[in-house]
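Construct the complete structure from the given sequences, taking the supplied hints into account.
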Amino acid sequence: MGLLDKFKKKSNTKKPEKNVEKKSTKTGKVDSAKKKNPKTRSFDPTLVPSAEKETTSKKDSSKKEAVKPSPKKAKKEDTKNAYRVLIRPVITEKATSLVANGQYVFEVAPDANKVEIRKAIQNLYSVTPVKVRIMNQKARRVQYGRNTGTTKFWKKAIVNLKSGDKIEIHEGV
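When we follow my numbering, the leftmost residue of the sequence shown carries the number 372, and every step to the right adds one.
If you are wondering where the hints come from, they were derived from the structure by calculation, not from laboratory data.
Even glycine gets a Cβ: it sits at the ideal position worked out from N, Cα and C.
Label-pair ranges, simulated between beta-carbon atoms:
(1) K451 x N507: 20 to 26 angstroms
(2) R511 x G535: 36 to 42 angstroms
(3) V501 x K451: 17 to 23 angstroms
Taking lysine-lysine and the PhoX-like style, the derived pairs with C-alpha atoms no more than 20 angstroms apart in a straight line are:
(4) K509 x K485
(5) K527 x K465
(6) K502 x K490
(7) K533 x K490
(8) K490 x K451
(9) K533 x K485
(10) K485 x K451
(11) K537 x K502
(12) K527 x K490
(13) K485 x K527
(14) K485 x K526
(15) K527 x K502
(16) K502 x K465
(17) K509 x K465
(18) K502 x K485
(19) K465 x K526
(20) K465 x K537
(21) K533 x K502
(22) K527 x K509
(23) K490 x K526
(24) K509 x K523
(25) K509 x K526
(26) K502 x K526
(27) K490 x K537
Set out below in structure tokens:
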């Protein structure tokens, strides 16, 4: 089988390591440490040419300068039961146009109330809502051929934030 062959090949492809005696470039003698245990290798700075030492030190210093701390995002608190209250953000044309006014639309649990929604937004996105409005969306009858049924009943919440606050849920939409 294809899956088991991968494991088989790994075990078969291991080759026994040969003890190769290497001569040191300066002394002409055999390095006894490498001869005894080839797996234990240590870095010998005398064997590296001086030009390579300078280039490695320049690279290290440039890497240290290039690394800058990323801007800190608002630290999220413990989300607690927010995942039970807020089901998903509603991304529609109307909902994305409301973002310009500082209003965000979420699908919430049918048994959630305004206080629970406000706490969930605070815990999850670290912003305090000014106003929360909720609407019940009724179930609709649907028909697929001869089969009839209903869509799910759900609840929608429109959350108003302060003018400076933002929630990044509509990125790339």
